[in-house]
Structure formats: structure tokens, C-alpha cells
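Undergrad: All chains, please: the whole structure from these sequences, using the hints.
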Amino acid sequence: MNQKISKKDISKLLDELGKEFKVFSPSRESGVTTFAEWDGRDSSFLEWYRNTVISPKAQLQPLYEKMFSFHKDKEGYHLELPPPTDKKLIFGIRPCDAKALTIIDKTFQDTYQDPYYLDKRKNTLLVGLGCTNPYDSCFCTSLGLSPTQSSDVDLMLTDIGDEFLIEAVTDRGIKLIKKTSYLKEATKTDEAKAEEARRQASSKVTRRLDTEDLAKRLLSSFDDQDFWEKVSNKCISCGICTLLCPTCYCFDISDELVKKEGSRFRSGDSCAFPVYTKMPMENPRLEKWRRVRQKVCHKYEFYPMSFEVIACSGCGRCIRLCPVNWDITQILASLPVKVKA
Amino acid sequence: MTNREAEQRLRDEAKSLLESAKVDYIVGFADGSLKFHTTPLITRNKDDVDHLVINPFMASNLAKFLTELEGRVGIVAKGCDSRSIVSLVQDNKVSREKVVIVGIPCRGMINLSKIEQLAGKESDEIDDITRQGDKVVVKLDGSEKEIPVKEVLFDHCLACELPTPKEYDLLIDEPIPATPDEEASQAKINKLEELSHHERWRFWQNEFSRCIRCYACRNVCPACYCQRCFVEEAEPQWILSIPKWQDNLIFQIIRNIHLAGRCTDCGECERACPVNIPLRSLSKEMYDLVGELFRFKSGMEIDAAPLLTHYELEEAEDFFR
Numbered sequence: 003m004n005q006k007i008s009k010k011d012i013s014k015l016l017d018e019l020g021k022e023f024k025v026f027s028p029s030r031e032s033g034v035t036t037f038a039e040w041d042g043r044d045s046s047f048l049e050w051y052r053n054t055v056i057s058p059k060a061q062l063q064p065l066y067e068k069m070f071s072f073h074k075d076k077e078g079y080h081l082e083l084p085p086p087t088d089k090k091l092i093f094g095i096r097p098c099d100a101k102a103l104t105i106i107d108k109t110f111q112d113t114y115q116d117p118y119y120l121d122k123r124k125n126t127l128l129v130g131l132g133c134t135n136p137y138d139s140c141f142c143t144s145l146g147l148s149p150t151q152s153s154d155v156d157l158m159l160t161d162i163g164d165e166f167l168i169e170a171v172t173d174r175g176i177k178l179i180k181k182t183s184y185l186k187e188a189t190k191t192d193e194a195k196a197e198e199a200r201r202q203a204s205s206k207v208t209r210r211l212d213t214e215d216l217a218k219r220l221l222s223s224f225d226d227q228d229f230w231e232k233v234s235n236k237c238i239s240c241g242i243c244t245l246l247c248p249t250c251y252c253f254d255i256s257d258e259l260v261k262k263e264g265s266r267f268r269s270g271d272s273c274a275f276p277v278y279t280k281m282p283m284e285n286p287r288l289e290k291w292r293r294v295r296q297k298v299c300h301k302y303e304f305y306p307m308s309f310e311v312i313a314c315s316g317c318g319r320c321i322r323l324c325p326v327n328w329d330i331t332q333i334l335a336s337l338p339v340k341v342k343a
Numbered sequence: 298m299t300n301r302e303a304e305q306r307l308r309d310e311a312k313s314l315l316e317s318a319k320v321d322y323i324v325g326f327a328d329g330s331l332k333f334h335t336t337p338l339i340t341r342n343k344d345d346v347d348h349l350v351i352n353p354f355m356a357s358n359l360a361k362f363l364t365e366l367e368g369r370v371g372i373v374a375k376g377c378d379s380r381s382i383v384s385l386v387q388d389n390k391v392s393r394e395k396v397v398i399v400g401i402p403c404r405g406m407i408n409l410s411k412i413e414q415l416a417g418k419e420s421d422e423i424d425d426i427t428r429q430g431d432k433v434v435v436k437l438d439g440s441e442k443e444i445p446v447k448e449v450l451f452d453h454c455l456a457c458e459l460p461t462p463k464e465y466d467l468l469i470d471e472p473i474p475a476t477p478d479e480e481a482s483q484a485k486i487n488k489l490e491e492l493s494h495h496e497r498w499r500f501w502q503n504e505f506s507r508c509i510r511c512y513a514c515r516n517v518c519p520a521c522y523c524q525r526c527f528v529e530e531a532e533p534q535w536i537l538s539i540p541k542w543q544d545n546l547i548f549q550i551i552r553n554i555h556l557a558g559r560c561t562d563c564g565e566c567e568r569a570c571p572v573n574i575p576l577r578s579l580s581k582e583m584y585d586l587v588g589e590l591f592r593f594k595s596g597m598e599i600d601a602a603p604l605l606t607h608y609e610l611e612e613a614e615d616f617f618r
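Chains as they are written, first to last, in our numbering: chain A, 3 to 343; chain B, 298 to 618.
Hints listed in this document are in silico derivations from the structure and should not be mistaken for laboratory results.
You can trust all of the hints, since none of them are fake.
SDA-like mimics (lysine to any residue), calculated; alpha carbons at most 20 Å apart, straight line:
id : chain 1 : residue 1 : chain 2 : residue 2
1  : B       : K411      : A       : E31
2  : A       : K280      : B       : Q534
3  : A       : K280      : B       : P533
4  : B       : K418      : A       : D138
5  : B       : K390      : B       : E367
6  : B       : K432      : B       : N300
7  : A       : K232      : B       : E367
8  : A       : K280      : A       : H300
9  : B       : K418      : A       : G33
10 : B       : K411      : B       : K447
11 : A       : K290      : B       : E365
Quick caveat, the model's predicted, so the values are computed rather than measured.
TA: Next up, the structure:
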């Protein structure tokens, strides 16, 4: 049987969870929405939260993080690793952003196991919150997602008016419910309300992306330089769409050195930047159209080839945050190769 | 001329420029894929020019694209865009002969963030936004709200000194006189100036902690045309590539110094920032300082010499003689 919780009790619930976890919830600072550590006070996000500018990916792969510190003395070099990961709980993650984590898991545990990401991932619980007011830039339903249901979270909440219906999705979710106060058993009426909320939310996602044979169509369009030049000409090669994308994971590594000690960091990198592929002798993606093509093909062609999943969950950030309104769904709809052979 | 007539004239002129091969490209604005957004239209195809629009949402500074395109370009330019074009011509980055400036007199562009704040809704939830003279009418949930236009224009538009391009080849509509309201434009900056040094330092520390180093501020800036930006230099490494607030702040300070005498206060850096860092509060200070010290306003006079790359023999400093 599913559970439910009154919206009034959400603050108390987060306080309680805060005793065991570092709890992150939607927050707004200087007009910028992000997931910030629960401060015990401000649950106003329940009113305004649609989705955040900074996706919860940042809790697992921060914009920058220290990999280790080092110093040198008479005995040689010494390394100091960062402290162990906190147990975290992300409250309110949207199905698109949760799916995005499942997508990038593939990369971080493929040919090598990335300890920085995986440690955080293992120690982070996801409490999903169904989306009832998607943006006009959202297109999650075209990627097989529902704005209100998710198999990528531990618990899933659905807005049913004054309360949230709570479903346990994983074993971790079941355990969490067992030790959580403030919950009541959901009734059949609650279930019916949730079903109606889900139906309404899905119909609000209106942007479409035709993913049928998309990888094949991209492959066939790969050499069409005219097409790629045309669709990339207004791109300004900034890093917004990649750095804020919940499925982009590229990073750069750099050292900060002061005399005989320092730290090694990794920080987000973007294939939109010409320096991303800069080599001593050449740059295979010096021209903008090659970089745009790479971004598009990586998400919708190469990633599915490697991992059988499109590296996009339709969150729409790349569309709504772009300074020139470059729209990936329009680009893909205008591929020169339209129909499968 | 009504807006529709102006738009039609623009399309006709653009088409004839392409047909007569006077230009290779047309650069203008088309409707975007999101409500109340435009998107740059860059095309060689005369059929595309029917998508050209004129409306209060043409926020981008299209001069940015001139340094990228090869050949002759017909470019739609508001007053501020024309200043950037003039500045690029003075810096020898763009040849005046290769640009056909299609001037658009401009009454200021609407800042969607300001509308969203006043309406308490995000732009995609708003039904309609129309400009009617000195008012903007916002339709929301079936009701209408009138807002004085000064409350919703971009800050830099409030201070606009050149609504109609001075340098142009074609002008699409009747010129609009300048009515700068420096005080309204400076409101945000004045509040900052009231802070103590310590408070202001804390303010910027906080603002720059959000910077994700996407470089949108630099990449939308027509004056940021360097092929190699100092932030990407590895030898010597001027700043770290990690988005630490100190390095983020230094990046912006150096950028501002580099832009002294070239920044036209078009406000693109602030508009493009995805994390709302009030970048114009820095750049406008430099813009005003340049005005005070040198009585120079970038991009206003096509015959002016570029400020910091031009020397006179009688100048006080003798190191370059």
C-alpha cells in the first residue's frame, strides 16, 4: 500500500531526514534555482518549484571538486584524499533529472569505475517529486519518460492537492518509509487523485522530438557539412547547454600549485569550447559546426551506440537557458535525412 | 509606419539585398521557439527573410556574428548593435564596405526577468505581452495588467543614448529621439555603491560563487573578439580554469579592463548569464569611467579613433615615442 504525507509536514519530514542525511532541496538564491542544503525553514519551494537551473547532478558531479591534495617534503610527495562522502538525500528531484543520473551512471562505471562519482552516487538517496507544471521547453515524454513517474528514484511523490502520495520504488525507498514519521496510508481516493494528476501532467508536455531511427538519421546526415553549418551558425559556443545539462559529464583536470603544495581539481568542461579538443599540433574541432555536430551526435547517436540509451532526458534546460534560443528539438526535426531507408 | 509595415519593409529590403547580390548573408531576428523570444536568423537564402521580425524581444546584439561570417553581410541593427558594429570597424575587425547596416529605430527591449518578477509567473506561463506606447500589457490567467514600460525594459535600454543607429545604409522606420533615464538605469548600481567596501566585497564574492564559467558573457560580447582569450592560456596560466569565486571575479575584472573603450553598454553579458550575475554593474562602471576620463563613448562616431589603441605624438606618456 502506498503512503501519503500532508504538505504541511514536509518541513518536519526534512528536519527528521536531516538527522541521518545531508538533505538537499530546491532553493532559490538571487533568482537562480538550485538544490541547496535544507535550512530547516524555507519550504516555499513547494509553491514555486518547477525545475532548477542547476540540476541535482551537481550534488554528484559538482562544478568543481578536489580530487586530492599533495605536498612535498624531504621524504618525497604525500597525497591526501578528500574526506569520505556524506550520506545525502536529494528531495524533490524531477523524473528527468533522476533519469539523467541513470544515464551518466553508464559512463562512470563502464571501462573504469569512477570513485568520485560512484561514492557519492551510492550514498545518495533520491526522493522524486512529480512534475505538475512542466515548461514549454520540456520534452521528456518524447524520450519515454513521464513527468510524474520514475524508476530512477528511491521514493516517488505525486501532488494530490494538500498531500503527496508516496510510492516506494526501491528497497532503499521501502526502508526509508519504515523509519519515517508523518506518513499515513493512502486511500483509494488518493490513488485516483494521483492517477488524474499524472494524466494531466503528461498532457502538459507539448514539445515533441521524434526519436524513431534518430541515431540512423544522424549517421546518414553526419557528412552534410552545409546542414551542420546552417544549424550551428547562431550558436555562440558558450558552455550553458552542456555545463547545465544533467546528462553531460565531461570534466577537465587541473592543478593548483603554491610552492611545494597544491591540490588537483576536476571541473566541468564543454565540447562547445574550441580548447576542448586543442592538441599541440592541431584541433580536430576548430570550426563551430564540428563542435555542434559532436554535441548533438554524442547525445543521440554515439551514446545510444555505446549504452543503448539516448543521453538526453528532455529536461529542456538547453533550450530555455540558451542566450540565442538554439533549440535541439528543432535541429533534430530538420535533419536532412528524414525517413528511414 | 505600423510595426507590420516596418517588418514587411525589412523583409523586402533584405530580399532585394540578397537578390541583387549586394550581400551574401542576412543577419536579423526571427521568432524563437519559446514564447516572447527571438532567435538570430543568419541566412543566405532569400526565402528565409520572410521570417524576419521586429518586436520588443530582439535582445541579442547581432554584431557578434560579423566577425565570424565571410563575405558581405546585411545586418539588422538597433542603435546599440550599430555602436558595436562601428566599434568593430574602428578596430579593423570588420570592414565597413562589407557590411550593409539595416537600421531599426528601437524603443527599448523588454526584459523578461523583470516581467516574470512583477507577474510572479515564468514567461512560458504568461499568455501575452504587448507594448502599447509607454505601457506594457501583460495577459495572465485571463486578466490583463498594465505596467509602465520603464519598469520592464532592460537597464541598459533605460540609459540608451542611441535608439536609432547613426551609422546605417538603410533605415527601416522614422528615427526615435534619445530619452535616456540615467537614474532609472543606475538604480541597481546605485544600491551597490551605497554599500561599504566590505559589504560590496561580500556581495561580489557571493555573486561570483555562482559562476559556472560557461563564458556566455564573453561569447555574446561583440567586443570580445580575441581568437585566444587569456583565460585559456596555459603558459602562463593567468587564472585557474576551476570556477572558484576568486578566479571567476578576476576573469570578469580583466575582461572589463580589456573592454575599456570598446564596451558600448549593450547589456548582453548580463542578459546571457544563466546564473543572474549582475555583470553590467561592473561593465557600466568601466563605461562611465571611460566617459569621464576620456570623454569617449564607444561606437558613437564612425570617424573617431579607437580609444586605447590610438596614440598622438603630443600625449603625456613618452614611452612609445
